[in-house]
Every structure is written in structure tokens, then in C-alpha cells.
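Asks: Start from chain L and add chain W according to the hints.
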Amino acid sequence: MVNVVTTGVSVRPAGWIAAGRLRLAAFLVIAAFMIAGPVAEQAFGLRTPLLRSWTMFSGIGLGVIDASFAIRQPDGSLVPLDRFAMLGASHDGKLKRIEDRDELASIIMRLCEAAGQGADIRVSARQGTRDGWRIVHTDTANACAE
Amino acid sequence: MLAPSEPAVGSAGWRLLRKRALRFADWAVNSEGSSRSSALIRIGIAMLFWSRWAGELLLYMHQSAIGLVLSANFFIATALLFIGYCSRAAAVWAGAVGLAMFYYFGHELGREPWTHHHTYLLAVAALLLALTPCGRSYSVDRYLAVTRAGRAGLPAPAEYGNLWGLRLIVVQLTVLYFFSAFDKTSYAFLSGARLEHIFLWYYAGSDYPALPGFHWLAMITAFAVVALEYGLAFGLPFRRTRRYLLLPGLAFHAVVYVTLPVYTFSATMALLYLAYVDADAVDKVIARLQGGGPIEPAGQGMS
Chain L
5 MVNVVTTGVS
15 VRPAGWIAAG
25 RLRLAAFLVI
35 AAFMIAGPVA
45 EQAFGLRTPL
55 LRSWTMFSGI
65 GLGVIDASFA
75 IRQPDGSLVP
85 LDRFAMLGAS
95 HDGKLKRIED
105 RDELASIIMR
115 LCEAAGQGAD
125 IRVSARQGTR
135 DGWRIVHTDT
145 ANACAE
Chain W
1269 MLAPSEPAVG
1279 SAGWRLLRKR
1289 ALRFADWAVN
1299 SEGSSRSSAL
1309 IRIGIAMLFW
1319 SRWAGELLLY
1329 MHQSAIGLVL
1339 SANFFIATAL
1349 LFIGYCSRAA
1359 AVWAGAVGLA
1369 MFYYFGHELG
1379 REPWTHHHTY
1389 LLAVAALLLA
1399 LTPCGRSYSV
1409 DRYLAVTRAG
1419 RAGLPAPAEY
1429 GNLWGLRLIV
1439 VQLTVLYFFS
1449 AFDKTSYAFL
1459 SGARLEHIFL
1469 WYYAGSDYPA
1479 LPGFHWLAMI
1489 TAFAVVALEY
1499 GLAFGLPFRR
1509 TRRYLLLPGL
1519 AFHAVVYVTL
1529 PVYTFSATMA
1539 LLYLAYVDAD
1549 AVDKVIARLQ
1559 GGGPIEPAGQ
1569 GMS
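Chains L and W, in that order, are what the protein sequence lines are.
Be aware that the first sequence starts at 5, since it is given in this note's numbering, and climbs by one per residue.
Be aware that the second sequence starts at 1269, since it is given in this note's numbering, and climbs by one per residue.
I should point out that these hints are in silico values taken from the structure, not numbers from a laboratory.
Where is the CB? At the ideal position from N, CA and C, for every residue including glycine.
A portion of the hints provided could be inaccurate.
To be verified - Just a sample of chain L residues kept apart from chain W, beta carbon distances all over 12 angstroms, derived:
no., residue
1, Pro78
2, Ser81
3, Met113
4, Ala118
5, Ala123
6, Thr144
7, Ala145
8, Asn146
9, Cys148
Unchecked claim - Chain W is faced by these chain L residues, among others (derived, beta-carbon under 8 angstroms):
no., residue
10, Phe31
11, Phe61
12, Asp70
13, Ala71
14, Gly132
15, Arg134
Next up, chain L with everything else stripped away, as it sits in the complex (with noise of 0.2 angstroms):
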């Protein structure tokens, strides 16, 4: 058990007074540090390493490419495209995750390739940026004529 001796004495003396001072002088001075962190990036702009944003998440995902794929049959109908199983790929391969257009692009050529000469293949892709969604690429003409 822990003793603990206290004089119960309410009146401060001066020197403690002017440590409590001290303190709420360094802790205004730290905790204004802390906003300042922040109010710059999120307020005036000014990006440095010496000061937290606490922008979290705010680059995570930046550039991935969400995309559909279709191709033309014989008939003249469209159907979704596996792209996947038309290249030979695994689903948890590097084709899972689209990264940015100059990825797209490959594949799209790769797709064109697989499927042959005269291929018809649609995509629909947008990307993500810090605006939301950017559409990248539509389907109104067939990707492999571009």
C-alpha cells in the first residue's frame, strides 16, 4: 500500500505561481505548435515535412483505375470481356489492380492482341483522383481501332 503524505495547504506559495505560469506559457506555446501543423497545409497550403497535416487517407488509392470491358461478337452483341482469362492471368496477379492509364493502355493492347485482328473491345474505365472520379476512357468507339 502506498502512503501518501499531503499538507492540505490551499494557499500556494509565489515560487509555484510563477512554475504554473511557466507551464501554461509552455503549454500554449506546444499546443499552438500542434495547430499550427495543420492551419498551414489544410488552410494556407504551405506543404513541409517539419509540420503534421493529419491528412489521413487523403493519398491512399489516388490513381487506381476502376474499368469494364466488353467485346463484340459475331452477332453484333456486346459481353462482358474477362480480362483476366483472355490474357491467361491469375485474378490476384498484377492485372488485379489497374494503377494509372499507362497500365491501362497496356492492357488494353494486350486484350487487342489476344483477341486478334478486327477485334472489337469497349471500355469503360475513370480514375481515381482527389476530386473524386475522372472518367478516362468510354466506350463509345472501339479501343482496339484507336
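Replies: What follows is chain W alone, placed relative to chain L:
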């Protein structure tokens, strides 16, 4: 011309402002209480340092002079922090090591994962811990103090101290929650798009989930996350609202911890929640669990 009552109203407003400022100052730097919650945070922070970096900083991992210096400092500082020997100095040392990892090794030398939020949060938590009585409980410092007092025929020193370091941790967490929510208060996030990006990046890949209503789910989740973060920012510091927010806050961090690669961030946040809770209430719970009495606050005699 001023109405006769106006100066009185003005001075009443001034008095109210002054009263509130004094109350804030009292909360910020004059609160004293049990040192046990600070000690628990101290031990937890040391363990989080190890769980995040001990494997990466084993001596054979970086055999350059600077790598060895970093490893040696890391292990000595965190070991002292864990056992509580020269606890407050060890907290400064561990925090300085954390900041060196963040600024120098992370930003200057390009070790990118060390530039993440969790590194900075751990370093800052250690530094703020140095402003608490974290060595007065569960520590070698405590053992030595009790031994010294025993030899001198004095009662054991109180497990008690000024809690302004814990108050600064509360300010840090409030700032963190508020600006995290503020950054998300945008069309991109509240439309659910940013959560969809994150879900595709880590889980679905480039095939949008076929789940009906997925977009609405993302949007509702986005609103809930922002509302919760604002709530945690303004609600957790106050006893009246804290009781409703502690569990949602902990659940939120648990979900983030198991779904996204946030390293030690969630665990650090959960540990730092101890700073919100009244230190003497934590002490009473510990005393109840151990079957002993709580540490009595100043002015209430001996136990």
C-alpha cells in the same frame, strides 16, 4: 452615447471570459492526479515502439555507422522507457529517436514508411509523456524512490503528479481528429468516391464491386466517418459526451487497424485514450482490480 447598463454588461462579459480562461488554465496546467495512467501509457508506448521497429532495427539490419547508432539509441531509450528508469529522460530520448527516424531517416534519407503519421504520433506521444509523472508508478524509478524512503524512515512517495502532459496529449488528439475530419469535409470524400478508391486499391482491384448499393454504402460510411471524427474531436475531452464516444472511437480505430495498413497508428490512438480519462478514475479501477485502495489525492491524508 452609452446606455448606463452597457459598461456593466461589458465587464460581466469580461469576467465570464476571464473565468473561463482561468478554468482552462487550471485544467491545462494545474491538474494533479494519479501517475498510474501516465505509467501505463509509458509502458504501452515502449511496446508500440518495439512492435513497429524492433525487427527493422536489429543490429545486423543496417550495418552502417549511422544505422548502428540509431539501433543502439532506439533499443536503449525504449528499454529505459519500458522499465521506467530515469523515465522522463527516457521519454525525451525515445521521442527524439522517433523524430530522428521521421525527419532524418524518413524525409531526408527517403525511408518512406517512416514518414507516416504513426511514426510522428509515437514520437510526439513519447515527448509529451516526459511532461507527465510517468516514472512515479510501475517503474524502477518508483522502486528506487520507495527503497530510499524506506531507508530514511519516511513514507513512500506519492504516486501522484501534475498531469499537464496528459492534457497536451488531449489537445494533440483533438487537433488530429478535427483536422482529419476537416480534410475529409469535401465532395470527393463525402460522395463516397475516396472510400471507393481506397477499397479498390486494397481489396477489389480495378473491378468495381458488384454488390448492389455499394456506392450508397461508401457514401453513408464517408458521412459517418466524418461525423464521428468531428464528434471525437469535440466530444472526447468532455466527461458528459466522452461516455458515448469512447467505445465508438475505439471501435473505429479497431476497424481501421484490421482493414488498412496503418501500422501502430490505431493502437497508439487507443492507448492515448487513457489521457482523456480522469487519472484518479483509472487509479480506482486498477486498485479495484488489484484488491487495494486507490492513491489518495493531495489533501486527504494517508492511506
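Asks: It remains to establish, for every hint, whether it holds in the given structure.
Replies: Hints, verified against the model:
no. : hint   : result
1   : Pro78  : holds, 26 angstroms
2   : Ser81  : holds, 20 angstroms
3   : Met113 : holds, 16 angstroms
4   : Ala118 : holds, 18 angstroms
5   : Ala123 : holds, 20 angstroms
6   : Thr144 : holds, 19 angstroms
7   : Ala145 : holds, 20 angstroms
8   : Asn146 : holds, 20 angstroms
9   : Cys148 : holds, 19 angstroms
10  : Phe31  : holds, 5 angstroms
11  : Phe61  : holds, 6 angstroms
12  : Asp70  : holds, 5 angstroms
13  : Ala71  : holds, 5 angstroms
14  : Gly132 : holds, 3 angstroms
15  : Arg134 : holds, 6 angstroms
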